[in-house]
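Asker: Below, each chain spelled out in residue letters.
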Amino acid sequence: MAENNCMCQESGVLIFPCSGGSDVGELSDRVARKMAKCGQAKMFCLAGIGAHIPGMIESAKAANKIIAIDGCQVLCSKKILEHAGFTPISFNLKDLGFEKGKTKVDDDTIEKVANKISGGKVEKDISRNSGGCCGN
Amino acid sequence: MKIEILGVGCPKCKQLTANAEAAVKELNIQAEIGKVTDIDKITEYGVMMTPALAVDGTVVSAGKVLSKDEIKKLISK
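Residue numbers (the numbering used here), protein chains in the order written: chain A, 1 to 136; chain B, 1 to 77.
Please note: incorrect hints may appear among the correct ones.
What the hints assert, rightly or not - Reference listing, derived: stretches of chain B covered by chain A, where coverage requires no fewer than 3 residues with Cβ under 8 Å from a Cβ of chain A:
1. 9-21
2. 33-46
3. 61-74
Claimed, not checked - Beta-carbon label-pair distances, calculated as ranges:
4. A/E82 - B/K77: 35 to 43 Å
5. A/E99 - B/E26: 58 to 66 Å
6. A/D95 - B/P11: 40 to 48 Å
7. A/C45 - B/D38: 18 to 26 Å
8. A/G12 - B/T43: 41 to 49 Å
9. B/K68 - A/D107: 24 to 32 Å
10. B/K25 - A/S22: 19 to 27 Å
11. B/I33 - A/E99: 52 to 60 Å
12. B/G57 - A/D108: 25 to 33 Å
13. B/E44 - A/G120: 44 to 52 Å
14. B/K77 - A/K116: 37 to 45 Å
15. A/R33 - B/E44: 37 to 45 Å
16. A/D108 - B/K73: 48 to 56 Å
Source of the hints: derived by calculation from the structure; they are not laboratory data. Positions of the beta carbon are idealized from the N, C-alpha and C atoms, including for glycine.
Please build the complete structure, drawing on both the sequences and the hints.
Answerer: Right under this line is the structure:
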């Protein structure tokens with residue numbers, strides 16, 4: 001079997017957005033995807049953790065760091081992860097100044113939040129590649 | 001008991017297989033050791049990090065090469 005399909009690479013940072021139905025839920029999801037695309041984290045399925053799928057739980061245990069991004073103060077992602085026995089680094093978009101129902105989800109906002117969470121690493125990628133992070 | 005090693009066949013998967021075989025041998029138990037190398041099948045188990053180890057269809061470890069002793073603990077539970 002081809003080894004280039006190997007899934008045994010370093011698991012590093014896993015990111016779990018709440019991906020809720022509101023504007024801030026959408027923002028959490030798109031920030032996570034942006035960070036994954038830029039190689040700052042690997043996006044995982046929060047639903048799989050909530051469903052206690054053993055393979056998902058065990059895969060998440062292999063992570064060096066787990067990040068939860070929640071759109072609001074209900075903190076669903078953080079709580080689901082805690083319920084499964086993880087201690088995530090938690091980011092609440094409300095604390096970052098984004099209010100449910102009043103948040104415009106556009107590329108600038110996504111980049112701004114991704115930078116806050118990744119410690120500016122997305123921005124550094126942008127400055128290296130004139131076409132934007134990961135060429136986007 | 002059915003033990004499955006989930007992974008596409010890289011050195012880590014091979015090491016985990018060898019450790020599982022050694023664990024079964026030391027415990028002197030009846031166990032069938034199989035390999036799941038198809039990525040679609042691995043994903044069906046919910047595994048995102050390989051190598052993974054499943055016992056009787058349940059994933060008990062992923063993203064780690066468990067030692068022989070760790071496997072012995074898991075399968076003698």
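Asker: For every hint, state whether the structure bears it out.
Answerer: Going through the hints against the structure:
Residues of the segment 9-21 of chain B with a Cβ under 8 Å from some Cβ of chain A number 4, which satisfies the need for three, so the listed coverage holds. Given a C-beta distance limit of less than 8 Å, the hint that chain A covers the segment 33-46 of chain B holds, as 5 residues qualify and 3 suffice. Under the rule that three or more residues need a Cβ within less than 8 Å of chain A, the assignment of the segment 61-74 of chain B holds, with 4 such residues. At roughly 25 Å, the beta carbons of A/E82 and B/K77 sit outside the given window of 35 to 43 Å.
Between A/E99 and B/E26, the C-beta spacing of about 59 Å keeps the proposed range 58 to 66 Å intact. Taking 40 to 48 Å as the suggested C-beta distance range, the pair A/D95 and B/P11 conforms, at roughly 44 Å. One distance hint, 18 to 26 Å for the beta-carbon pair A/C45 and B/D38, holds here, with the actual separation near 20 Å. Checked against the given bound of 41 to 49 Å, the beta carbons of A/G12 and B/T43, roughly 19 Å apart, lie outside it.
About 51 Å separates the C-beta atoms of B/K68 and A/D107, a value inconsistent with the hinted range of 24 to 32 Å. Range check, B/K25 to A/S22: Cβ separation about 55 Å, and the 19 to 27 Å hint is violated. A hinted range of 52 to 60 Å holds for the C-beta pair B/I33 and A/E99, which are about 55 Å apart. Between B/G57 and A/D108, the C-beta spacing of about 47 Å breaks the proposed range 25 to 33 Å.
A C-beta distance of roughly 38 Å is found between B/E44 and A/G120, which places it outside the suggested range of 44 to 52 Å. Restraint check, B/K77 to A/K116: a C-beta distance of roughly 43 Å satisfies the suggested window 37 to 45 Å. Take A/R33 and B/E44: their Cβ atoms lie about 23 Å apart, and the range 37 to 45 Å is violated. Taking 48 to 56 Å as the suggested C-beta distance range, the pair A/D108 and B/K73 conforms, at roughly 51 Å.
The structure fails to meet hints 4, 8, 9, 10, 12, 13 and 15 from the earlier list, while all remaining hints are met.
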